[in-house]
Amino acid sequence: MEITDLVCPNCGLACDDLTVTSDSSGISIDQVRCQQSVEFFKLANLDNQIEPQIAGRPVSLEDAVAKAAELLQASLLPLITGLATDVSGARAAMLLADKAGACIDHEQGDAIFRNTRVVQDSGWFTTTLTEVRNRADVVVLIGDDIAASFPRLYERIFNASALFTESRHIVAIGPDNAGINQCSSASSTHIPVALEDLPRVSAALRLLFNNIDAVIDDDDLPLDALRQLAQQLKEASYSCIAWKSSSLNYAHAELTVEMLSELVRDINVKQRGAGLPLGGGDGTTSVNHVCTWQSGFPLRTDFSTGTPHHDWWKNSGARRLADQQTDLLLWLSDLSVKSPPSSACPQIVIGHPATALNHVPEVFIPTGIPGVDQAGMTFRMDSVVALPLRALREPRYPSMQTIVESIVEATL
Amino acid sequence: MITKLAGAKVYDPAHGVDGDIRDVYIRDGHIIAAPDHDEGVTQTYNLNGKILMAGAIDLHTHIGGGKVNLARTLMTQEHHEHHHHGSTLLRSGSGIATPSTLSAGYHYAQMGYTSAFEPAVLPSNARQAHLEMADTPMLDTGGYIMLGSDDLLLQMMNEGQGQSAINDYVAWTLNATQSIGVKTVNPGGINAFKFNQRSLDVDEENQHYGVTPRRIVHALSQAIEDLGVPFPLHVHASNLGVPGNFDSTIATMHAAEGNRIHLTHIQFHSYGTEGDRKFSSAAAEISEAVNGLPNVTIDVGQILFGQTVTASGDTMSQHRNHPHGHPKKWVCMDIECEAGCGVVPFRYKDKDFVNALQWSIGLEIFLMVEDPWRVFLTTDHPNGAPFTSYPHLIRLLMDKTFRNDQLEQINPGAREMSVLHTLEREYSLYEIAIMTRAAPARLLGMSDYGHMGVGAVADLTVYNPDDNPEIMFATPLYVFKEGELVVENGDIVKTVRGRSHVVHPEYDRGIESRVRDFVNEHYTVRFNNLRISDDEMAEVIGSPVVVHPCKERSA
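Residue numbers (the numbering used here), protein chains in the order written: chain A, 1 to 412; chain B, 1001 to 1555.
Hints were generated in silico from the structure; no laboratory data involved.
By construction, the Cβ of each residue, glycine as well, lies at the ideal position given by its N, Cα and C atoms.
Be a bit skeptical, because a hint or two may be false.
Simulated crosslink set (SDA-like; lysine to any residue; CA at most 20 angstroms straight-line) [what the hints assert, rightly or not]:
(1) A/Lys99 x B/His1085
(2) B/Lys1328 x A/Lys42
(3) A/Lys270 x B/His1324
(4) A/Lys270 x B/Arg1198
(5) B/Lys1494 x A/Leu412
(6) A/Lys314 x A/Val269
(7) B/Lys1004 x B/Glu1488
(8) A/Lys270 x B/Asn1196
(9) B/Lys1349 x B/Asp1405
(10) B/Lys1009 x B/Asp1028
(11) A/Lys99 x B/Leu1089
(12) A/Lys234 x B/Gln1197
(13) A/Lys314 x A/Gln325
(14) B/Lys1494 x A/Glu405
(15) B/Lys1004 x B/Ala1034
(16) B/Lys1329 x A/Ser25
(17) A/Lys42 x A/Arg272
(18) B/Lys1328 x A/Ala356
(19) A/Lys42 x A/Val59
(20) B/Lys1494 x B/Gln1110
(21) B/Lys1329 x A/Arg272
(22) A/Lys234 x B/Asn1196
(23) B/Lys1329 x A/Arg265
(24) B/Lys1349 x B/Gln1077
(25) B/Lys1329 x A/Gln325
(26) B/Lys1328 x A/Gln325
(27) A/Lys234 x B/Lys1004
Pair ranges (Cβ atoms, derived) [said to hold, decoys possible]:
(28) A/Ala410 x B/Ser1199: 42 to 50 angstroms
(29) A/Asn181 x B/Leu1089: 34 to 42 angstroms
(30) A/Pro192 x B/Pro1544: 33 to 41 angstroms
(31) B/Arg1198 x A/Arg200: 29 to 37 angstroms
Covered stretches of chain B (chain A as the covering partner; in silico rule of three or more C-beta atoms under 8 angstroms from a C-beta of chain A) [unchecked claim]:
(32) 1110-1117
(33) 1127-1139
(34) 1272-1281
(35) 1359-1368
(36) 1490-1501
(37) 1513-1523
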């Protein structure tokens, strides 16, 4: 069976033009344009007879569900994380968090909250992929490893034909050139900057755009290149400032994002332009969206008192694990095979049948994979476009939603 | 299994019933004729002295979609202050102006509402809007799809494509996005803002396409007529919030050239420029225009004092107005060559001249528009106030003494400029039932809703009568959803999931190749992935569709 216009849920681009063949030998991509999508479907082909486990021993699904419910009932401070999943998985996770009184955070919560905190504290002005493709004549890419993280960014956005601009100038700011050699426009440039210098670089760029350069200490900043970029931004019809928040792996990186988003606002006083957060893979956008609409708060929300309490620091899953402020780790993740981290507390792992189990969990329950075993939905990096995931085969396992609902039922 | 609601005072304006004592019978979720000698009645509610109306319908409330989630995120502080527990029956939640979806469903049901419609759904974000509405329990829902700033329509109009092609495109969009109506927001203006135009009057051209808002309003309202779509074109007019904008609001009404047109949150579009501060009420001019144009319906978008947040597709206006916001944080987005959104928190203060006059202008319009079938009770939730303030608003409309007491407390300058104290009108329960039940159902084409005729869906609300309408409407005694008791004395006793109300007008399949070519050539989403199927609505999104008929297509 050949399926066209299929959506790949792997990275935040959510490319929806894949053609795959699904037959008895498995699922294969007909025209390979991205290694990430190949890997995604390769992993989906593995392991069709994984059984639920208790402490590493195969058990029936009923026993595994009962054991999970028992652990949950005994838990005071459960933590739900992992969460590489789609909208249906996120809905299930939220139901469980509310009913079990758990804290919920994505395992990439740090990257999410570098952006979300800016929206909470000051707001921003952003755009979406189709706008960037058709309007942006100047694009600034900030971060590292951008080309590898979003393999088809150039093909589908920057090098694609545009309705409203003849040319596109791309400026990469970061340790690597963000793949600008892939760019069809020869005028693209790379401003080499170490990641930890981005707070100062983003501030300098904003000051230069606003013609305030007297205060900048230029000893080790590429000031001429930034000055030139500021001039390009002033001359742009529609500029796009894009950053990859997972690159900004230093303390208070949200202030870098805020500086960039304030630059965007400065641009919009007289011209047009917008920001674009480069992220959204592994279900980050989907899960943060569902958590926000169902609880009123973004992730890092704790239900242990019976009402939702949100705190970006206190409810960080990674922090809770590191500080041993959780007594049960629920790793829900049906899109990724990434291993749960080691933890002092017991673990319940529900998700991808090929999940790497580096630490034997108390309970493991394999589930179907969204967009392979069951229909679903995934959000793109721009937080606007949600795309349908289709079932490509007879489901090998029950969905995350089915499993979680049965655990909740057993817990009540 | 027949349920009998016995002896209530019934307000059913669709059938001219004005407080008559009636028995109402329910079987299988629908209202049935009285069985002989009450045969088969298994349950009776004795409602002597109680008031019975159809379930209320909110035809303009921002309850789903990306801008609502952005608003929730901006309003984190409010959620810290207002959150509630779950129970074995209910989920926990938070928020007032931007409630979590589950809380919104509970709060609406607790006020006797059984349906609510999201008025600003973007084609590219329709899945999210439907997801959020599906996660809003207790209510039937539906959405109005935004057109008029999408590059494809503007390109078609620029090329001089005929009305018939536009009709096909509108019909295709309604089908693909599972919507019940079409909305246009600052027609062409959201698009113009992307080309750095900062304002767009009704007869001003979008610089890129050479198309005016007047032409867009006419083309879309004509499409609605030609396609036989029951719900009139829903228009958020040009120049939102601009002093003197009443001229362009009236020009927008005339742009429809007699086609049915609904001007939404018209309070924000009814401003004059008189007085020292060059800001005045044009409620009289607007009401006179509405009274004289039978093709026009409106909802008010009343503001009430307090903290809220404005969420709109009108990027141009929201960006212009953000300096007036409180607290000082805001979001704007350009979206997918289709539309945009802007989210700006506001705190309306009774001692502030402009806010106080806005409050008065909304009430003046309610009281000066004569026909309750053509004016709808909204606060443009949450833009003017959260929907939870409806009972207070109803009291302002029904109780002149209370209204005048409130008027005494607002900014004196605004009070002096207001004619509110001269308006004697008090709405009756019958008129409230029209504007919150019978009229919205009729306007939306939901023929089985908003009334108590035989065959109607048994969405019903029972109130304890009270001299204070705010008390009466805040906490109904019973709410029935499809014949099932879901609320009793303000408590939810059963949770139910709603459906999504849509229209599927016919279209010439030829338009699909035009849309397919444009989308596949220029978008970053494939044409085949834009369409939301009935199955996806039911199985993935979780809100099965109810398809309402359109009249036969005429062009």
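* **Hints that the structure is at odds with (numbers, increasing)** => Violated hints (numbers, rising): 2, 6, 10, 16, 17, 18, 19, 25, 26, 27, 28, 29, 30, 32, 34, 35 and 36; every other hint is consistent with the structure.
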